[in-house]
Structures are given as structure tokens and as C-alpha cells.
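Enquirer: From first to last, the protein sequence lines stand for chains R and Z. Letter 164 of the first sequence, counting from 1, is numbered 164 in the working numbering, and no numbers are missing. Letter 42 of the second sequence, counting from 1, is numbered 42 in the working numbering, and no numbers are missing.
The set of hints was computed from the structure by calculation and includes no laboratory data. Careful: at least some of the hints might be erroneous.
The list treats identical chains as one, so a pair stands whether inside a single copy or across any two.
Claimed, not checked - Here are the simulated BS3-like pairs of lysine-lysine, each with C-alpha atoms no more than 25 Å apart in a straight line:
#	residue 1	residue 2
1	K112	K147
2	K134	K46
3	K198	K137
4	K198	K19
5	K93	K19
6	K134	K95
7	K95	K147
8	K95	K197
9	K73	K137
10	K189	K19
Spelled out from the first residue to the last, the chains are:
2 protein chains.
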Amino acid sequence: MNTIEVCLSPALFPFITTKDNLLVVVVDVLRATTAFCAAFDSGIEKIIPVSKLEELWDYKNRGFLTAAERDGKKVDFADFGNSPTDFLKQSFKGKQLAYSTTNGTQAVEMAKSYNDIALASFTNLNALSDWLIKQEKNVVILCSGWKNTFSLEDTLCAGALAEVLEMSGRFISSCDAASASLSLWASAKNSLPEAVKKANHYQRLHQLGQHNDLRYCFLLNSSTAVPVWDGTGFIDLSLRE
Amino acid sequence: MNTIEVCLSPALFPFITTKDNLLVVVVDVLRATTAFCAAFDSGIEKIIPVSKLEELWDYKNRGFLTAAERDGKKVDFADFGNSPTDFLKQSFKGKQLAYSTTNGTQAVEMAKSYNDIALASFTNLNALSDWLIKQEKNVVILCSGWKNTFSLEDTLCAGALAEVLEMSGRFISSCDAASASLSLWASAKNSLPEAVKKANHYQRLHQLGQHNDLRYCFLLNSSTAVPVWDGTGFIDLSLRE
Chain R
1 MNTIEVCLSP ALFPFITTKD NLLVVVVDVL RATTAFCAAF DSGIEKIIPV
51 SKLEELWDYK NRGFLTAAER DGKKVDFADF GNSPTDFLKQ SFKGKQLAYS
101 TTNGTQAVEM AKSYNDIALA SFTNLNALSD WLIKQEKNVV ILCSGWKNTF
151 SLEDTLCAGA LAEVLEMSGR FISSCDAASA SLSLWASAKN SLPEAVKKAN
201 HYQRLHQLGQ HNDLRYCFLL NSSTAVPVWD GTGFIDLSLR E
Chain Z
1 MNTIEVCLSP ALFPFITTKD NLLVVVVDVL RATTAFCAAF DSGIEKIIPV
51 SKLEELWDYK NRGFLTAAER DGKKVDFADF GNSPTDFLKQ SFKGKQLAYS
101 TTNGTQAVEM AKSYNDIALA SFTNLNALSD WLIKQEKNVV ILCSGWKNTF
151 SLEDTLCAGA LAEVLEMSGR FISSCDAASA SLSLWASAKN SLPEAVKKAN
201 HYQRLHQLGQ HNDLRYCFLL NSSTAVPVWD GTGFIDLSLR E
């Protein structure tokens, strides 16, 4: 039996208690991990998470596609913002993408102290959990949050993933944050579009007019992506099996 | 209208967004804030929170009563551990108490950068919220957690307090953590004794045989205490009005 621990903010990641045989699953529903999945669905071959815009600019000059968002808005020089639905408009088969976001890439940077990292969103729950169940590792679900504070939508996604993993009979929740995420998901899942309207970042994006994204990010299992860290960037394992 | 923000761990306290006219309410259900309330109910006049055991020893030598707990267990030289029910066995009218705990006093230390601090537990919910409603301040509920990780019981208490404050019509939740606490409390409140059994610290104290405390700490409104910081320690305002 493997354990599930949920970490509700990157600022709490130094205090995780799972130590052995650990796989970190980063969640940033609005919108980084959902966008990574969408980018893979549209054929992107590899995604390099980048913290600083200076570094992203270097990647652009080396011929990479670039995506960058700050405070919910696209950064001017980048090809994409943080909108998953923008990736779905055409095929980017074989291209490589460098990606920088406010919260998601910060969480990925923290997770990089471990070798095993995967990315979860509502869109790839089943695809990812099928793969996770085969890994036989203890899972820590790291919610990206918003500038180190708690995000409702990431926690609901952590609860949804924990539920699928527990239902496999191979995993058991090991901390109060996992129990709380499961309970929040149980209360929200039958009316998810209503439940997520309470989230501050949902309201922020709503005011920015990102209605297509807000629908897409809560569409369960619309993606087949299994984004996994290969040592230098994320690749989609669903294409390699 | 005043705001309610919930901070789910002391490690997240640097990231609170409420800036003005702020009152911090520290919660450590198992067991520090519940014990503070019980100590006041038994006549204690003032409680000095102390971080280090060295400092507590100095207070003992100066004639203070002392209470100290580490990892759920009483520290040998102290008069009390962290058990609220131990305070209820006799009267300590007019005595002063120095108090050191694993998590609760850490949270209080962080809150001390603000002048206005109060303490909440399930036992003093109504007494405290009656007082809070009169203060016309924005409230940040700081959950003490367990060694910087999320605690279910503190979050449920934060949700219970937020519910009472919102019902007054004078407060509105301002963050996702407050929404989540309210939702968790709504799911748990009709079966609180069952719901809290999922909490890791409940299980830890259960294994240590602290059954009386585990019952007492979830007894709603059994205390009249309104513990408020006066600049050097906590006093019970319910005795002064």
C-alpha cells in the first residue's frame, strides 16, 4: 500500500513528511498544469519550465516556442500566455516549448529536488492516475496555490486525484490535508462549476474575460496527457507507451 | 463589513493579505487554546506564552505556575502539561501561569507582530465571537497546525468561528482558505466526534490515552473565556466586563 500526502502550498513543501520512494505530483489547475496537458495534446514534444523571464527570452532566441504569464496575463514577447485553449487551436507536433508562470513553475522548481515529478489537472485525472497506480510510489500532491496562499481549485483537484488513487485500493491518505481535500472534493464534485466560482483565482480570471479557459480547466478527463519530468523538462508519457 | 481570512499554518502567516485594522485569532484546538480557556475558567488571572523551556524554568523560579508540553506529552518540571481538563479540577484564582507548547505558542509568537490577538477553541466559540463582533476589525484566523503542517481540527474550528461571524451579518470571508474551512465545517458539524477522528493529532492523543481531553476539546461553548493579549500576556476579558 502506498501513501498519499497533500501539500496545500509551495511554502509548506519543506514540511512534507513522506520521505521514501516519493513521487511529487504538481497541480496548478488555473492554469499551468492544465495548459501543459493541452500543449501535449496538441503535439508539443517537450516543455521546459522556466522561472525567470530573462531565461525565457534566451529560449526564444534559441528557437523554442515560449509561453509566459504574470498575474493571469500573457507576457508580451511570448508566443502564448497561460491559456490551455490557445494550444488546442492548432498542431505543434515535434515542437519544444519553454514555459514560465506565476505559481506553477515555482512549485515545479521546488519539486525538482526529487527526481520523480508528474503534473495533474482536472483534464488528465484518469490518464495520470492510471500511470501513477503502476509506479508503486508514495505520492505527494503539491498544490501550486496563489503566491504561496491556499487555492480552492488546486485543493479540489488534489482531492479528486486522491479519490481515484484510493479507489484503486493501492493507496491510502496519510495526512490531514489529504483528508480535507477528499472531503472538499466529495462536497463539490456534483456541482463543480458552481463550487469553483467561490475560488478567488476563478473570479480573477472571470474578470479578465477568460471564460473559455474557465470552462476547459474543469472539464474532467478531456486530456490523455501524462506529463512526467525526464531530468531536463516534461515529456508526455502517453505518447511513448 | 469586516473580512475573515484563514491562515492554515504558521508557515503561511507571512503571506496573509489582510493588512489594515487587523485582529489575529489563534486556534490550537488540541490542546493549547482549549487549555488556555480552561485555565481562565478555573480562575487563572494571566497566562504568559513562552517559546523555550529555559525561559519557562525562569518563570517557575519566580513563582509562576507553569504548563509545558512537547509532542503531546507533559514536560517533567512543569506543574501542568497541555491538558485542559487538568485545569478544571480545582480553582487557581488570581494565579499567573507561564505556558509552553509545541505548536500553539509558536503561532502566538508569530501573531505578536500585531497588537490585537485573541484565542479561539471550540469551547469558547460563542463567547469569543460575541466579543469579536463588537471590535469591528478584520479577522485573520491563524491555525497552529502540527509542526507547520495543516491540522484538520484547527481548520474545522476556524470554519466554525467563520460561520458564527458570517451569521452576524458583519463579516464576509475574503479568501479560499476561509471558504474551504466553512465548507469542511458544514460537512463535519453534525457529526463532529466522528469527523475529528480522521485527524492525525486526534489519533496521536488517543494513543497517548488522552480520552477526557479529546471529549472536552470538542465540547462546543463549554467555556466563557475571551482570552485577549494585553501586551505582556493573555487575560480573560469575560471577567472584566
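Enquirer: Does each hint fit the structure? Answer for all of them.
Expert: We went through each hint and held it up to the structure:
no.	hint	verdict
1	K112 - K147	both (19 Å within a copy, 23 Å between copies)
2	K134 - K46	within (23 Å within a copy, 57 Å between copies)
3	K198 - K137	between (33 Å within a copy, 23 Å between copies)
4	K198 - K19	between (34 Å within a copy, 22 Å between copies)
5	K93 - K19	neither (38 Å within a copy, 48 Å between copies)
6	K134 - K95	neither (29 Å within a copy, 61 Å between copies)
7	K95 - K147	neither (30 Å within a copy, 44 Å between copies)
8	K95 - K197	neither (35 Å within a copy, 51 Å between copies)
9	K73 - K137	neither (36 Å within a copy, 33 Å between copies)
10	K189 - K19	neither (31 Å within a copy, 34 Å between copies)
The structure is inconsistent with the numbered hints 5, 6, 7, 8, 9 and 10, although it conforms to all the rest.
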